[in-house]
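Trainee: One-letter residues, chain by chain:
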Amino acid sequence: RVTSSDDQSPIPGASIKIKNSAQGTMTDGNGAFAISASPSDVLVISFVGYQSTEVTVGSRTTVNIALKQEDNNLNEIVVTGYTSQRKKDLTGAVAVVDVAQLKSQPAASAVEALQGKAPGVQIVVDGAPGSTPQIRVRGVTTINNNDPLYVVDGVPYEGKLSWLNQNDIESMQILKDASAASIYGSRANNGVVIITTRKGIQGPPKVTLDAYYGTQTPRKNTFPEFLSPIQYAQAFPNATNYGTGATPVLPEYLRAGNIFGLNVTPADADPSKYLYSNDPNSFYQITRANQQGTNWFEEITENAPTQNYQVSASGGGENSTYSFSAGYLDQKGIIKYTGFKRYNTRANTSVSALDKKLRFGENLSYSYSEGFGFGVNPNVSGDYQDEGSAIGWAYRMPTIVPVYDIQGNFAGSKGSGLGNAENPLAFLYRGKDNLNKSNFFFGNAFAELDIVKGLTLRTNFGLRYENYNNISMRYPNPEFSEGNSSNNLSETQGFNSEWTWTNTLTYRTTFAEKHNLTLLAGTEAIQNKSRSLTGGRNDFFVLGDMDYYYLNVGTANISNGSSGSAGSLFSLFARADYSFNDRYLASVTIRRDGSSNFGPDNKYGAFPAGSIAWRVSEEDFLKNKVSWLNDLKFRAGYGGTGNQRIPVNQYLSRYQQGLLTSAYPLLGGNGVVTGVWQNAYANPEIKWESVTSLNVGLDFTLFSSAIDGSVDWYNRKTKDMLFPVQLPSTAVGLGNSPYRNVGDMSNKGVEVNLNYHYGRNNDSPFTFDLGVNFSKNVNKLEEIAPGVDQLQYGAFRSLRTSILKKGAPFGSFYGYEQSGIFQSDADIAGSPSYPNARVGGMKFRDINGDGAITPEDRKIIGNPNPDFYYSLNLNASYKNFDVSMFFNGVQGNDLYDTNRYFTDFPTFQGAKSTRLLNAWTPTNTASNIPSVTGTAAEIEYESSSYYVQDGSFFRLKNLQIGYTIPAEKVFGSKWGISKFRVYASTTNVFTITNYTGLDPEVSAESETYSALGVDRGIYPNPRQFLLGVSVGF
Amino acid sequence: CKKDFLEKRPQGELSQEQLTNQKGVEATLTGAYALLNGNLSGTWGNYASGPSQWLLGEVTSDNAHKGSDAGDQPNMNALERHSPTSTNDNLSTLWTRCFEGIQRCNSTLRILAALQASSGEKFADKRAAEIQAEARFLRGHYYFFLARAFKNVPLILENTTDPAVDNTADIYPAIVEDFTYAVANLSTTKPLDQVGRADKIAAQAYLGKVLLYQKKYAEALTNFTAVMAARPAITTLDYKANFDITRENGPESIFAVQHAVGTDGSGGDNGNVGDMLNYPYGGSSKTSCCGFFQPSIDLANAFRVTATGLPMIDGSYRTNPFKSDFGLTTAQKAAYQVERSLLVDPRMDYTLGRRGVPYRDWGVMQGDPWIREVTTGGPFVPYKNSIEFAEFTNGTAPGSTNVNGLNVNVIRLADVYLMAAECQVELGNLPEALRLVNAVRARAAQLPVATDKAVGGAPAATYRVNPYPAFPSQTYARDAVRFERRLELAMEGHRFYDLVRWGILKPTLESYSAFEGQFLATSRGITIGDEDNYFPIPQEQLDRSNGVLKQNPGY
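These protein sequence lines map, in sequence, to chains A and B. Under my numbering, read the first sequence as residues 49 to 1081, first letter to last. Under my numbering, read the second sequence as residues 39 to 593, first letter to last.
Honestly, the hints are just simulated from the structure, not real lab data. There could be a bad hint or two in this list.
Only pairs whose alpha carbons sit at most 30 Å apart, straight line, appear in this in silico DSSO-like list of lysine-lysine [as the list claims (entries may be wrong)]:
no.	chain 1	residue 1	chain 2	residue 2
1	B	Lys-588	A	Lys-854
2	A	Lys-135	A	Lys-765
3	B	Lys-544	B	Lys-253
4	B	Lys-588	A	Lys-907
5	A	Lys-577	B	Lys-46
6	A	Lys-135	A	Lys-671
7	A	Lys-828	A	Lys-854
8	B	Lys-371	A	Lys-321
9	B	Lys-46	A	Lys-767
10	B	Lys-588	A	Lys-853
11	A	Lys-796	A	Lys-853
12	A	Lys-1017	A	Lys-254
13	A	Lys-480	A	Lys-268
14	B	Lys-61	B	Lys-46
15	A	Lys-562	A	Lys-405
16	A	Lys-254	A	Lys-1027
17	A	Lys-501	A	Lys-135
18	A	Lys-501	A	Lys-562
19	B	Lys-46	A	Lys-651
20	A	Lys-254	A	Lys-135
21	A	Lys-405	A	Lys-247
Only some residues are given here: those of chain B computed to face chain A with a beta carbon under 10 Å [stated by the list, open to error]:
no.	residue
22	Pro-48
23	Glu-51
24	Ala-65
25	Thr-68
26	Leu-74
27	Leu-78
28	Asp-302
29	Gly-320
30	Glu-411
31	Pro-436
32	Thr-439
33	Asn-445
34	Thr-546
35	Ala-559
36	Leu-580
37	Asn-584
Pair ranges (Cβ atoms, derived) [claimed, not checked]:
no.	chain 1	residue 1	chain 2	residue 2	range
38	A	Asp-837	B	Thr-367	25 to 31 Å
39	A	Leu-620	B	Ala-167	56 to 62 Å
40	B	Glu-569	A	Ala-877	20 to 26 Å
Source: prediction; values computed, not measured. Ideal placement from N, C-alpha and C gives every residue a C-beta, glycine not left out.
Build the full structure now, drawing on both the sequences and the hints.
Mentor: So, in structure tokens, the structure goes:
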């Protein structure tokens, strides 16, 4: 049997020859071989990427050979679609993630840590603990869901990955182009992320313990600044609360009962009158004005601890291996009362029998997670952003309002002239018990049988079952101007389940020595179901007692509901990989998918792909002739993938009975009779969305493997894009318009990955690695729908931030282009103008030149897609010290700061930005900030370039310094400690950006279409300081 | 795998086959009623489609301001100032809600026809005709709301196969046809004895109203006369019952949109969501949201009367206007006392809330603390759409006091009296017009101001409303009827549409702008062109129609 020396894994396809003879054979899929030889024969065992070894047979009948790897990563075995290949045999665009590097960055989620680790993969992370990062492989492929397909231990999975402990990951590959991904057919349009978890290795038990503890701090220098109360009073003469006339007066009290501001007399503010009660009629709050001003962002943030512990053990005997791990993560958020906890355990086992011809086993993981508070639990990245969220309120809450009233209860905007923001700390505090819990089981069982030599049958059954429970409470908020005296509990319980049954038959053969062929055919069936149940009640006898909060003790507003979904897929697929003489490589795949999403006419879709590669470095004219060239491979691939991720049953007309949508009180009074309405209109022709992609690339390894890298160019075209073309109300009323296959989109790009290694191939005490990733993608929406050239979306109050426009990049910002400020009445009269224009108001560019500012003058005012993004990895070690730095950058993207709607314009009474100190005045005429006023023209409240800023940034994302304690010297051999590393790490060390918002990493807000780069109050990334330890024994 | 592995039925949804039966038709018809409150689902956002038409029918007139903060809902400011663009979201709100209602009416008619033509268990002919009549009544209602606001509206009927219909034809004849069918096939008792359904009286009143909009006075009058004959004399009915949640669907209610705010878990979705912004804001008021729909200073002064208890229909009410505590200094406001000598029609204090006067059972209105931003919306708050505080428990949605269950009158008897009076004026029958107007005024005189509006033991104003002695001329009579219509029905969603059909929008609003603009910047400099008689067709609908729909002239 031939194995690899480093991890004892079998080497299939290794060549065994009897020296000086023509006789020879190859190892099978399990690394085993049989050959007739006499005791004096010398076996020559060779395999590409390994050092050839010679052994004399002697009297043995069983020969075990461990081949030592050549020292570069070309022979790394990479799991691709349903098979595995050596990295150097890859013909498609596959990013192989350096998992060691991935793990060196402490992160709650594997996707978060993937940021910058693979070219062509853009990840936007916000600061919410356990959040769902936004991941895009080679740009935005569709107006629909752009999340990639994950394949975990062979089981496809769509969804968020926060349940997976990144320490459990053994390898991670990203299939980026169709030639690599199309074997996953209808779900591969957005790329495929293949993850394998840690398996056991034959040998004595290896135990590792990893732990870190640290603190996260808010980056206070990014906090927005607001006018202090006196500045506010000066900026807005005669504002309520500040007296009438020339000199503003700061009130001493904001509220005493129902007397407000300057009207509060000492008698009103007598503390003996204070009464905090649930009865709004007797409620009597006394609140002093905070004349110095409250810094609401300071109030809602704090330093927060984060910690992670993981223990794992692995090992095995000749016929079985095991790997086990258990972990605990507890991350609090820098926004108060937010946090995420995860407990997870994993057991992977593999057993072989029948002389190793039969192998079977399982990979099981179970994870329990809890998230609480703002921003922590959305299933879609960035989905928590809202003007009514804690951060949204912090932008709006007047600075004169203190956090607490005179008795320590929350103060608020109830009063006169204090606007309609809610005390953001009260909002967070009252949400502290809102808890989302998830039990997540993900696992598979498999069996593999070598039927004859080279032919292997594999069956794999994967199961995912998630059970979740969310509870959320609302409390009376009598200090809030738009508050409420009721209280409420609502609770959700549900499950998502999916099983995947995959069967494959693989045949590997080598003929005429130089021809390697792998053939694979398979079937896959997938079925999913989900169901959730919600309930709510109002009016609980006591508030805030979590032991009391059950629905059946609520006394009013009894509500409940449930909903669910069901879907299935059935697929046939085949694949052939061929190589000749290690030089010429070719791969062909095809998949035919049937989906329950489509009607009888279009149920099935076929997705073929092919790729070729030429390892030119193996050619005689180069091999051993150009000494600095170790490996050079040209690749080209072309193929199709599909997308079916749309709401189900689009091919059917559907009706619904709904208490909210179709009920009417026909009998008068408060009872209703529930009717029926047509909620969905059919498109019987609905079919698959498809992407065809062309990829050309090259991989190289140079200078004794000191330099390696790859360059890829691609062109991806999305056709028949599934688009919910909104039909006029005359056709569908308010029912759902069906999806249609109408849109086209294109993405073209270049990716470069370049690595330099020093000291890797000798035993230098100093090693140094430098890695650079560069990705450029140009997105263009080629076609929306017949007769539809543009669609505005991204509704935020009176703004429509974003647009789908034919010929423009997806999610472009749209609005008026500000050209300055109206300087005088003459300026208004002499310039293109609009109704109710004012001196000091916004002046816009007259795009169509008709002399007036009308909606036709709106244009694209920004592009949220970056020109390029890049990352830089530096790793160095000297003897026992190591240091790593990871930089991440995005260049040329725009961000849209909607928070200015509240802080810079006279929209609502509330906090105003210090930018207004530099607003236009008759003496400050150069300013582009509209003058401070009580009323502006309607058009000034619309989307304009005033909101758009350059979002480029460059960030030292992670800096880590480690020291490996020479364990044997320090602890002695008795303890058996093989490894003992301690490290200190900092994330988000510095950020260089011109963006004035909280954080330039802005996750898309999802609406009908995702609104890229629109900042509606993002949870900012903290700075994090960690101390960690990693012990092995 | 079995072949049906890839067949997954819709979850929690129905197919048309499952509805083609009696139960299904009745349920579809109920669905057609369900859009009357202007709401599909979710409470917020249905402001322009509410049956009260407060935004498109009142804020756009001389009766009311948007209110709230200046920058809140700026698209409403554009409507108030008559400078809306086609992208104004409120316009598409009305358009889409009404067409959803029309789709449901058409669905009902289609499925009914399919059932009656099938071999299944059919309706008896009487109920089948009645169902058609109810569905066509509702369709007439939705089209009427569209025609008033947009004028040029595409007509989609139950047998329309291609919905790409243009908006060039006049749809009033189709509306008349629907209501005519309803009049012929409904009886004076409510279908199925359910109070929320449309009956013959409602259909007659609505048909009359639609005819009046077409200036077909004689035909309209016939219908109004029938309605008045079917109901008690208005002088025997209580004005307050129209705005009292405990006395809904009384004899004055001709066609009212039913609102429900039960604890059935619907969370207010079936309540009066159209008006959910329109309550006093803060202070000791009983609602915390949202300070919209503030009566104008002009409207308040229109309620002032001469010493003989007649309104100042010549516009002299604007002389030396009453402004409550608006514009006073901090010290003056602190010392403010209600003006008891103010001579007003008693309906004033049942139409608007003002400082120093009891507001329902909420206590004495506090002035500024009840108002979100006085400089934007003025010193008054709306009244007719609110309910007694004592009724909040059952009359407001659980957990949100700004959605109440008060029905909204689309047509009430006083409206019919005044429309009939209008017909009589135009037909030259002035004494009959005088009788009708004076009946409405006599009823107003019965308002119990002495108990409702007393502060410190005495009435908050000098309330007076007397009958007109005579209508000396047709012009005088026309002005008097129109003025009475304003006073009686102010804040009920009629005013803008009345001004348009009378052809006096431009002079009325431009003179209003000059008056009201003295006090409030939002009203300053409003100019009216021909295009302002109708609103622009929503841009998104034009875009989605691929050029089939045409924009109204002037937009």
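Trainee: With reference to the structure, classify each hint as holding or not holding.
Mentor: Hint check:
Between B:Lys-588 and A:Lys-854 the CA atoms are separated by roughly 23 Å; this keeps the pair inside 30 Å, and the hint holds. Under the criterion of a C-alpha separation no larger than 30 Å, the hint pairing A:Lys-135 with A:Lys-765 is consistent with the structure, at around 27 Å. Restraint check: the Cα-Cα separation between B:Lys-544 and B:Lys-253 comes to about 20 Å, which is no more than 30 Å; the hinted pair holds. At most 30 Å may separate the alpha-carbon atoms for a hinted pair to count; B:Lys-588 and A:Lys-907 meet this at roughly 23 Å.
Taking the CA atoms of A:Lys-577 and B:Lys-46, the gap is about 11 Å. The hint holds against a cut of 30 Å. The suggested pairing of A:Lys-135 with A:Lys-671 holds, with an alpha-carbon distance near 19 Å, which does not exceed 30 Å. As the CA atoms of A:Lys-828 and A:Lys-854 are separated by approximately 8 Å, the hinted pair is consistent with the 30 Å bound. Distance check on the hinted pair: B:Lys-371 and A:Lys-321 sit about 24 Å apart at the alpha-carbon level, within 30 Å; holds.
Restraint check for B:Lys-46 and A:Lys-767: satisfied, since their Cα atoms lie roughly 26 Å apart, inside the 30 Å limit. Taking the CA atoms of B:Lys-588 and A:Lys-853, the gap is about 22 Å. The hint holds against a cut of 30 Å. With a CA separation close to 18 Å, the supplied pair A:Lys-796 and A:Lys-853 stays within the 30 Å bound. At roughly 20 Å between alpha-carbon atoms, A:Lys-1017 and A:Lys-254 fall within 30 Å of each other, so this suggested pair holds.
For the given pair, A:Lys-480 sits about 23 Å from A:Lys-268 by alpha-carbon distance, which is consistent with the 30 Å threshold. Proximity of B:Lys-61 to B:Lys-46 is assessed by CA-CA distance (about 26 Å); at most 30 Å being required, the pair is judged to hold. Taking the CA atoms of A:Lys-562 and A:Lys-405, the gap is about 26 Å. The hint holds against a cut of 30 Å. Restraint check for A:Lys-254 and A:Lys-1027: the C-alpha separation of about 11 Å stays at or below 30 Å, so the hint holds.
The straight-line distance between the Cα atoms of A:Lys-501 and A:Lys-135 is roughly 24 Å, inside the 30 Å bound, and the hint therefore holds. Between A:Lys-501 and A:Lys-562 the alpha-carbon distance is near 18 Å, which keeps this suggested pair within the 30 Å criterion. At most 30 Å may separate the alpha-carbon atoms for a hinted pair to count; B:Lys-46 and A:Lys-651 meet this at roughly 12 Å. Between A:Lys-254 and A:Lys-135 the CA atoms are separated by roughly 27 Å; this keeps the pair inside 30 Å, and the hint holds.
Taken as a hint, the A:Lys-405 and A:Lys-247 pair is honoured in the structure, with Cα atoms around 19 Å apart against an allowance of 30 Å. Interface hint status for B:Pro-48: upheld, as the beta-carbon distance to the closest one in chain A is roughly 5 Å, under 10 Å. Against a cut-off of 10 Å between C-beta atoms, the interface hint on B:Glu-51 holds, since the closest Cβ of chain A lies about 4 Å away. For B:Ala-65, the interface hint holds, since its Cβ comes within 10 Å of a Cβ in chain A; the closest pair sits about 4 Å apart.
For B:Thr-68, the interface hint holds, the least distance from its beta-carbon to any beta-carbon of chain A being 3 Å, beneath 10 Å. The beta carbon of B:Leu-74 comes within 7 Å of a beta carbon in chain A, closer than 10 Å, and the hint placing it at the interface holds. With 10 Å as the threshold, the beta carbon of B:Leu-78 comes within range of chain A, its nearest partner Cβ sitting at about 5 Å, so the hint holds. For B:Asp-302, the interface hint holds, since its Cβ comes within 10 Å of a Cβ in chain A; the closest pair sits about 7 Å apart.
With a cut of 10 Å, the hint placing B:Gly-320 at the interface with chain A holds, because the nearest CB-to-CB distance is about 6 Å. Taken as an interface hint, B:Glu-411 checks out: its beta carbon lies about 7 Å from the nearest beta carbon of chain A, inside 10 Å. Below 10 Å, beta-carbon pairs count as interface contacts, and B:Pro-436 has one with chain A at about 3 Å; its hint therefore holds. The interface hint given for B:Thr-439 is met, as the beta carbon of that residue sits about 8 Å from the closest beta carbon of chain A, less than 10 Å.
A cut of 10 Å between beta carbons decides the hint on B:Asn-445: the least distance to chain A is about 8 Å, and the hint holds. The closest approach between the C-beta of B:Thr-546 and any C-beta of chain A is roughly 20 Å, which is over the 10 Å cut-off, so the hint fails. For B:Ala-559, the suggested interface contact is upheld, since its CB lies about 6 Å from the closest CB of chain A, less than 10 Å. Hint status for B:Leu-580: holds, given a least beta-carbon distance of 9 Å to chain A, under 10 Å.
Below 10 Å, beta-carbon pairs count as interface contacts, and B:Asn-584 has one with chain A at about 4 Å; its hint therefore holds. As the Cβ distance of A:Asp-837 to B:Thr-367 is approximately 56 Å, the hint placing it in 25 to 31 Å is violated. Our hint of 56 to 62 Å for A:Leu-620 and B:Ala-167 holds, since their Cβ atoms are close to 57 Å apart. At about 23 Å, the beta-carbon gap between B:Glu-569 and A:Ala-877 stays in the expected band of 20 to 26 Å.
Hint check: violations occur at hints 34, 38; the rest are consistent with the structure.
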